[in-house]
Amino acid sequence: MKMEGVIDMDKKIISIFLLLIIVISATVLFVTLKQSTSQEDQQGYSSSEDLTNEDISNEIDDAFLSDDDEVEIGEMI
Amino acid sequence: MKKILSIIMVLVLMISISSLALADESEENPDEESEGENQSDENETEDPVDDETEEETVIMNTSLGAEIRLLQLEKAITKNLLKGEMVVDVLKALNYNTSDLEAVLSEMKLVLEEIQAADPQANNSVEVFIDIKSDAKNLTEQFRETTNDLLGDVKYKEIKEQIREIVSDELQNYSKQIQNRIKQFNRNQIYRLYGIIGEGNNSLVNEYMNGTSSLAQVKMQLCKMVNMKMKEKRNEIFSTLKKEKIQNKNHANSEAENAAASFSQREHERLQRRLEQANNTGNEKLIERIQNRIKNNENSSNGNGSNNGNSANGKGNGK
Chain A
6 MKMEGVIDMD KKIISIFLLL IIVISATVLF VTLKQSTSQE DQQGYSSSED
56 LTNEDISNEI DDAFLSDDDE VEIGEMI
Chain B
11 MKKILSIIMV LVLMISISSL ALADESEENP DEESEGENQS DENETEDPVD
61 DETEEETVIM NTSLGAEIRL LQLEKAITKN LLKGEMVVDV LKALNYNTSD
111 LEAVLSEMKL VLEEIQAADP QANNSVEVFI DIKSDAKNLT EQFRETTNDL
161 LGDVKYKEIK EQIREIVSDE LQNYSKQIQN RIKQFNRNQI YRLYGIIGEG
211 NNSLVNEYMN GTSSLAQVKM QLCKMVNMKM KEKRNEIFST LKKEKIQNKN
261 HANSEAENAA ASFSQREHER LQRRLEQANN TGNEKLIERI QNRIKNNENS
311 SNGNGSNNGN SANGKGNGK
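Protein chains in written order, with my numbering: chain A, 6 to 82; chain B, 11 to 329.
This is chain A alone, in the form it adopts within the complex:
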C-alpha cells in the first residue's frame, strides 16, 4: 500500500514537472517568435511582401514639400 502511494505521488510530480516544462517552452517560443517578427519590422520592406497603396503614397508624400512648410525657432512670448 505504502509503495503504491509513493508511485502515485511520483507520477503526480512528474506530470506537474512536464506541465511546467510545456508552459516554459511555450513562453520561450512566444518570445523568440516575437523577437524575430519585430526584427523583420525594423528591416522594413522585403521583396516578398506586397506593397500597399499607403506604402507608395507615403514615399511619394516624402518627396514633396507642403506649401505651408516652415522652419520653427519658437515663440517670443
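Source of the hints: derived by calculation from the structure; they are not laboratory data.
Since this is a predicted model, take the numbers as computed values, not measurements.
Hints should not be assumed to be uniformly reliable.
[Claimed, not checked] Derived list of chain B stretches under chain A, where covered just means 3 residues or more per stretch with a C-beta under 8 Å from a C-beta of chain A:
(1) 246-254
(2) 281-290
[To be verified] As a list, the in silico EDC-like pairs of lysine to aspartate or glutamate whose alpha-carbon atoms are at most 20 Å apart:
(3) B:165 - A:59
(4) B:165 - B:99
(5) B:252 - A:60
(6) B:239 - A:66
(7) B:170 - A:80
(8) B:259 - A:66
(9) B:229 - A:59
(10) B:241 - B:209
(11) B:89 - A:74
(12) B:193 - A:80
(13) B:85 - B:179
(14) B:252 - A:80
(15) B:89 - A:73
(16) B:239 - A:60
(17) B:241 - A:59
(18) B:85 - A:73
(19) B:229 - A:73
(20) B:85 - B:180
(21) B:255 - A:67
(22) B:253 - A:72
(23) B:255 - A:59
(24) B:89 - A:80
(25) B:193 - A:73
(26) B:255 - A:66
(27) B:229 - A:72
(28) B:85 - A:74
[Stated by the list, open to error] Quick partial rundown of chain B residues pointing at chain A, CB under 8 Å, derived from the structure:
(29) 69
(30) 225
(31) 232
Beta carbons: idealized from backbone N, C-alpha and C, even for Gly.
Given chain A's structure and the hints, the job is docking chain B onto it.
Same frame as chain A, now just chain B:
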C-alpha cells in the same frame, strides 16, 4: 521523496531563469546595429543639431533646397523680431525696464543680417543654417524667459493674449517668395519621379505650376501612375524611392555631424564678428551682452562647464 522534489525544484528554477534571460535579451536586442543606434542617440543629446533641424537639412543638398531653408529661417527671425519689438513697445508703455530685451533684439538683428548675407550655393550653407537657427532659437528663448522674469506669470499671459499674430507686408512678401521656391522644388521632384516611374505628364506639371491642380492632386496622380504598373515595376519604383531617401538622409546626417563637431569654434568666431559690429554701433548693452557670451563660450570650451549665466547672457553651445 524529498530528494526528488528538491531536484525538480532546482530544475524548474534553472529553466525559469534561462527563459527570463532570453526574454530580456529579446527586449534589449543587443546586436551591433542597435548598439550603434544607442550610441548615436546618446550623442544626439550632446550635439547642437536636433532631429528636426537635421530633417530640415535633407533638402539642402540642392541650391534650391538650401535657398528655401535659408529663406524660411530668415522669415522666422523677421517674424520674431517684429513680435519682440511689439512686446518691448507694450512693456515700455507700462514703464518696465526693457534694456535686456532690447539687447537680445539687437543681437537678433545681427543674426538676421548674417542670414540675409548667406549664400545658398556655398558649400557651407548647411553649417550656416544650423548655426543661425541655433542662435535664433537661443535668442528667442532668452527673450521669452527674460520677459517672463520681468512680468511674472499672470501679467505675462495677459500680454501674450494681447500680442497674437502679426500681419506685415514684409512677412507676406517672404511667404510669397517661399511658396514660389517650394513650387519650383516640387516641380523638380515631379520630374525626378517621372524619371523613376518611366513616364511623364507635362500637363500635370503645368497645372500644378499655374495653380489649377493642388499638390494633393499631383500626389494622387503620381500614385495612380505607380499603381497601374506591373508588380515588379512597382517594387522597383518603391525601392528606388526608398533608397534615394535613405541616401539623402545619410548625407544630411553626416553633414550635421560635421557641423556639430566644429560648432563651438564657429560660435566663438560668430560672436567675435558680432562684437566688432556691436562696437561699430556703440550699443553698450549689446557689447556687454556679447562680451559675456564670449566669456561663457570660452569657459565651456575650456571644459570649466561654467555656462550658467543668466538668460540674457547666452547659452553656450545652444542646447
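Cross-check of the supplied hints:
| no. | hint | in the structure |
| --- | --- | --- |
| 1 | 246-254 | holds (count 5) |
| 2 | 281-290 | violated (count 0) |
| 3 | B:165 - A:59 | 48 Å, violated |
| 4 | B:165 - B:99 | 15 Å, holds |
| 5 | B:252 - A:60 | 10 Å, holds |
| 6 | B:239 - A:66 | 19 Å, holds |
| 7 | B:170 - A:80 | 10 Å, holds |
| 8 | B:259 - A:66 | 15 Å, holds |
| 9 | B:229 - A:59 | 12 Å, holds |
| 10 | B:241 - B:209 | 16 Å, holds |
| 11 | B:89 - A:74 | 15 Å, holds |
| 12 | B:193 - A:80 | 27 Å, violated |
| 13 | B:85 - B:179 | 12 Å, holds |
| 14 | B:252 - A:80 | 35 Å, violated |
| 15 | B:89 - A:73 | 15 Å, holds |
| 16 | B:239 - A:60 | 15 Å, holds |
| 17 | B:241 - A:59 | 15 Å, holds |
| 18 | B:85 - A:73 | 13 Å, holds |
| 19 | B:229 - A:73 | 16 Å, holds |
| 20 | B:85 - B:180 | 9 Å, holds |
| 21 | B:255 - A:67 | 8 Å, holds |
| 22 | B:253 - A:72 | 25 Å, violated |
| 23 | B:255 - A:59 | 17 Å, holds |
| 24 | B:89 - A:80 | 9 Å, holds |
| 25 | B:193 - A:73 | 11 Å, holds |
| 26 | B:255 - A:66 | 12 Å, holds |
| 27 | B:229 - A:72 | 13 Å, holds |
| 28 | B:85 - A:74 | 12 Å, holds |
| 29 | 69 | 7 Å, holds |
| 30 | 225 | 6 Å, holds |
| 31 | 232 | 5 Å, holds |
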